[in-house]
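Each protein sequence line maps, in turn, to chains A and B. Per my numbering, residue 259 is the first one in the first sequence, and the count goes up by one each step. Per my numbering, residue 259 is the first one in the second sequence, and the count goes up by one each step.
Derived from the structure by calculation, the hints contain no laboratory data. Note that the structure is predicted; figures quoted are calculated from it, not measured. Here a beta-carbon is modelled for each residue, glycine too, at the ideal position from N, C-alpha and C. No false leads were slipped in.
Here are a few chain A residues that face chain B, going by a calculated C-beta distance under 7 Å:
1) K435
2) N437
3) F438
4) Q440
5) Y442
There are 2 protein chains.
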Amino acid sequence: MKQATIIGSGLVGSLWALYLAKAGYKVQIFEKRADMRLMQMSAGKSINLATSYRGWKALDEVGIGDEIRKIAIPMYGRTIHQLDSTKAYQPYGNIGQAIFSVSRGEINAKLMSIAETNLDTKIHFNEECVNVDLENGITFLKNTQTGVLSECKSDVVFATDGAFSAARYAGMQRLDKFNFSQNYIPDGYREILLPANADGTYKLEKETLHIWPRGRFMLIALPNFDGSFTCTLFMPFEGHEFCFNELKNKEDVQSFFKIVFPDFYKLMPNVADSWENHPLSSLAIIRCFPWTHGKLALMGDAAHATVPFFGQGMNCGFEDCSVLFSLMRKHHENWSEIFKEFEKIRKPNGDAVQDLSLQNYIVMRDKVSDPAYQLQQKIERRISELFPNQYFPLYGMVSFTDIEYKVALEKGNEQSEIIADFIKTHSISESTPLEEIDKLIHHLFDKSPAIK
Amino acid sequence: MKQATIIGSGLVGSLWALYLAKAGYKVQIFEKRADMRLMQMSAGKSINLATSYRGWKALDEVGIGDEIRKIAIPMYGRTIHQLDSTKAYQPYGNIGQAIFSVSRGEINAKLMSIAETNLDTKIHFNEECVNVDLENGITFLKNTQTGVLSECKSDVVFATDGAFSAARYAGMQRLDKFNFSQNYIPDGYREILLPANADGTYKLEKETLHIWPRGRFMLIALPNFDGSFTCTLFMPFEGHEFCFNELKNKEDVQSFFKIVFPDFYKLMPNVADSWENHPLSSLAIIRCFPWTHGKLALMGDAAHATVPFFGQGMNCGFEDCSVLFSLMRKHHENWSEIFKEFEKIRKPNGDAVQDLSLQNYIVMRDKVSDPAYQLQQKIERRISELFPNQYFPLYGMVSFTDIEYKVALEKGNEQSEIIADFIKTHSISESTPLEEIDKLIHHLFDKSPAIK
Numbered sequence: 259m260k261q262a263t264i265i266g267s268g269l270v271g272s273l274w275a276l277y278l279a280k281a282g283y284k285v286q287i288f289e290k291r292a293d294m295r296l297m298q299m300s301a302g303k304s305i306n307l308a309t310s311y312r313g314w315k316a317l318d319e320v321g322i323g324d325e326i327r328k329i330a331i332p333m334y335g336r337t338i339h340q341l342d343s344t345k346a347y348q349p350y351g352n353i354g355q356a357i358f359s360v361s362r363g364e365i366n367a368k369l370m371s372i373a374e375t376n377l378d379t380k381i382h383f384n385e386e387c388v389n390v391d392l393e394n395g396i397t398f399l400k401n402t403q404t405g406v407l408s409e410c411k412s413d414v415v416f417a418t419d420g421a422f423s424a425a426r427y428a429g430m431q432r433l434d435k436f437n438f439s440q441n442y443i444p445d446g447y448r449e450i451l452l453p454a455n456a457d458g459t460y461k462l463e464k465e466t467l468h469i470w471p472r473g474r475f476m477l478i479a480l481p482n483f484d485g486s487f488t489c490t491l492f493m494p495f496e497g498h499e500f501c502f503n504e505l506k507n508k509e510d511v512q513s514f515f516k517i518v519f520p521d522f523y524k525l526m527p528n529v530a531d532s533w534e535n536h537p538l539s540s541l542a543i544i545r546c547f548p549w550t551h552g553k554l555a556l557m558g559d560a561a562h563a564t565v566p567f568f569g570q571g572m573n574c575g576f577e578d579c580s581v582l583f584s585l586m587r588k589h590h591e592n593w594s595e596i597f598k599e600f601e602k603i604r605k606p607n608g609d610a611v612q613d614l615s616l617q618n619y620i621v622m623r624d625k626v627s628d629p630a631y632q633l634q635q636k637i638e639r640r641i642s643e644l645f646p647n648q649y650f651p652l653y654g655m656v657s658f659t660d661i662e663y664k665v666a667l668e669k670g671n672e673q674s675e676i677i678a679d680f681i682k683t684h685s686i687s688e689s690t691p692l693e694e695i696d697k698l699i700h701h702l703f704d705k706s707p708a709i710k
Numbered sequence: 259m260k261q262a263t264i265i266g267s268g269l270v271g272s273l274w275a276l277y278l279a280k281a282g283y284k285v286q287i288f289e290k291r292a293d294m295r296l297m298q299m300s301a302g303k304s305i306n307l308a309t310s311y312r313g314w315k316a317l318d319e320v321g322i323g324d325e326i327r328k329i330a331i332p333m334y335g336r337t338i339h340q341l342d343s344t345k346a347y348q349p350y351g352n353i354g355q356a357i358f359s360v361s362r363g364e365i366n367a368k369l370m371s372i373a374e375t376n377l378d379t380k381i382h383f384n385e386e387c388v389n390v391d392l393e394n395g396i397t398f399l400k401n402t403q404t405g406v407l408s409e410c411k412s413d414v415v416f417a418t419d420g421a422f423s424a425a426r427y428a429g430m431q432r433l434d435k436f437n438f439s440q441n442y443i444p445d446g447y448r449e450i451l452l453p454a455n456a457d458g459t460y461k462l463e464k465e466t467l468h469i470w471p472r473g474r475f476m477l478i479a480l481p482n483f484d485g486s487f488t489c490t491l492f493m494p495f496e497g498h499e500f501c502f503n504e505l506k507n508k509e510d511v512q513s514f515f516k517i518v519f520p521d522f523y524k525l526m527p528n529v530a531d532s533w534e535n536h537p538l539s540s541l542a543i544i545r546c547f548p549w550t551h552g553k554l555a556l557m558g559d560a561a562h563a564t565v566p567f568f569g570q571g572m573n574c575g576f577e578d579c580s581v582l583f584s585l586m587r588k589h590h591e592n593w594s595e596i597f598k599e600f601e602k603i604r605k606p607n608g609d610a611v612q613d614l615s616l617q618n619y620i621v622m623r624d625k626v627s628d629p630a631y632q633l634q635q636k637i638e639r640r641i642s643e644l645f646p647n648q649y650f651p652l653y654g655m656v657s658f659t660d661i662e663y664k665v666a667l668e669k670g671n672e673q674s675e676i677i678a679d680f681i682k683t684h685s686i687s688e689s690t691p692l693e694e695i696d697k698l699i700h701h702l703f704d705k706s707p708a709i710k
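Model the full structure from these sequences, guided by the hints.
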C-alpha cells in the first residue's frame, strides 16, 4: 500500500488526509500537540474563520461539505459601526452569497474525526517533527511526553505544520537556493469574547460580519452558535495615539473602548475585565520558494502564511488540497511531476493571496467608511447586477469563485482604476439618478473590454 | 574580568576580538571549523576580497592596518576587456585612490594570529554553536570531533558566524516579531585560477581589477601576490543563452570561453581543465531585524550578508566593529543601550549596502561598457576634480569615505539623475570640448545645491 506522511493535524493536514485516503494511501499524521478533542475547550478559546467558496469546494470534493455546513453561520455582508454609533450595511455579493463563520477548534476537531474514520489513517499525537530527510522521505520525530525519538519513512511527505513549520525550518531552509522571508506587520491583535444575552440571544445582528473601522485600527466581530461573538482588535503595537503599548492597565482599556467604540462599550461595559483572557499576538507574512524538494511538499500556512484580513488563509490552504489532488490525477501520481507543477502554479497564487490580505486590511479598517469607496462599491455592485456573468468585483472573485488569486488581484486592481476613472469622468455622486448611472454603465461596458 | 563570547572566528569575529581585548574583555571565540592555519592552503583555494577605506579605518583603529597592507595589492581602476579584445581603463577615483586585493584566507589567518597574541583571548576550534540563551548570554556548543556538549556563559555574546549564522537560526529566528529574509539571486559563480607566467610574472596588468562585461554575465580577475589572478565567472544558473546549466562538459566550457572571452582564452587555453577545481556557488541577500536581543548581537554577514559586487561585505562588517566600539565608549559599556543604538543606526546601512551591491552588479557586467555610462563617469570625475571637497561620485563615497552607505546610496542616485539630465540638456557628447564642459559644470554647480 502507498504510504504518505503528514506533519501537522491542523486544518489543511486533516483535510489532505481525507484526499490521500480517497486516493488509496495509508496515511500517518504526526501532531506535535496533544489531541485537542480531549481537552476542555471554552468558547472563549475558539477563534473564528470565514469559510468561502474555495473552502467549500475542497470540502465538497471529499464529500464532507454538508457536515461542516452544520457548524457554519452565514455572513451576508459587513455591518459598519461608525464612531457616532450609526451603522451601515454593505452586502458581500449578490443575494444569497455569503461567507461562513466557523470556529477553528470545532472544524479542526471534526476534520480529524472524519479523517480517523478511514482505517488506514492514523493520527499520532505529541509527536514533534525534529527533522526531515527530504530525499528519502524520512520524518524524524520526538515524543513530547516521553522524549522517545523515532522515524517514519514513506513514499511522500506533506508539511502542513503551519506558519512556523518545523519541517520547513529543519528540512528546507538551509537548502541552497531556498528563498525565504518572514515579515511581521507593525500591528498585532487581541481577541475579546462578547457574550450572549442572558436569554442566549445575540447582542448584535447575527448573520453579518461587524466592523468598527477607525482608520489605522479596527475591531471586528464574528458570530458563534451560542449567541456570543468572537471579537478581535487589530491595532499597531506602538508609535500611534491608539496602539497596544498605550493600553497599560484596565483604566486605559476602559477609556479606549468608551471613546473609540462607544456602541460596543455599551454592550460590554466590563470589556476591560476580559482584556487579559487572550494574549496579544503578532501577525506575519511568510513567503518561500521552492515549496517542494525531494519527497516533501509544503502546503497551507507552511508554504504561504498570510495575515487574516481577507479571511483566505484556510480557504487557500484547502484549495492547495484541491489543486494538488487534481495534479495527482493529471500526472498519475508521479510525485516529482506533481510537485513541480504544484509549486509552479500555486506560488504566484500564494503571493497574491498575501498581497490581497494586506490590501484588504486597509479596506476593512479605513476604506469601508469612506464615502468615495462606498460609491465605488455601489457602482461595482450595479455593474455586476447588470452583467452578472461578465463582471466580478474583487471581493466576489476572491470569496465566491475559484478564479486564481493572482488573476483576481490583477483584474481587481485594474477594474478599480477603471471604475474610479469612470466616476470622476462622469462626475457621478451619491445623488446621480440610477437610470443615469445604468446608461453610463452600459456605455462603459460596450467600449471597455478591459473590465470584462 | 568582563567576559565576551564570539561565535565564529572569521574576518569580523577575529577583528572584533581585537577591539574587545583593547576594551579589557576576556574573549572566548568558538569556531565550528578546524584551525585553517594548520591546513595546506593552495593559492587556488583562496578567494579574493577588496579592502577599501572603511576596512582600513577599522584595521587602523586597532593598530594592525600596516600589518595587513603587507599582503594587499592596490587596484587603481577597472580594466574593461571588450568582446573584440580591446581594452579600456576606468580609474576608481582620484590619483592614488585604490581598493586593495587581499586573499581571504591570508587576512583571516593573520587576524586570528594577532587576536591570539592577547593572553585573554582564546580561539576554540571545532566547536559548533548549537543554540544560544539570548537572555542569559549562554552559548551552547558541540565539539565536531568528539561530540561533547558544553556551554559558555558571558556578559555579552557576538554572533559573527556568517550568512548562515547558527546563532541567528537557533537563537533569533523563532523570536516573535523577528523579521528575516534570505533571497538568492538567479546568478551563481565559479572561480578559476589564472596562473602566473612560467617566470612568475603576471599575465595581465597587475594593479587593476579586470572585468569582461558581457551584459547579463561577466568574468572578473583580481591579482594575487604570486603572479596569479583569482578569476570569477558570474552568470545565471539557467534560462539564458549563456548560463551555467548550458555548460555541461569540457567542450561546452572551452567553446564558451573561446567565443565570449577570446583574449582570456588565449591566456588560458586549458581553462576547461580547471573548470571543476572550484564549485559552482550561489549568492544570496540576507536581511533581518532586530540584530540584537538580550545579550546577543549579530554582526557582519550574520546581520546583513550581501552579494559581492561592490566589494563591501568585509568592509561593512569591519565598519560594524568601528561603530560598535564607538558606541561602547559613548554608552560606557551599557550593552542594552549600545545594542539599541547599534541596530538602529546600522540596519539602514546594512540594507543600503545590499542595495548598492545589487545595483553594482549591473554596473560591472553591463554599464561599464556602455558609452553613455562612460561619458557620465567622465563628467563625474571632472566635477570631482573641479570640486574635490564638495562632490563625491557614488563609487568614491562607498569605497574611499565612511559616509554612511544609506547616504551614499541616496545621494549617488540623486546625483546620477542630475548628471544624466545635465548631459541631455546640453547635448554633451564625447566630442564636446573640455573647456565647454568645464564651463557648463561651473554653471551647474553654482545653481544646483542638490549635488553638493
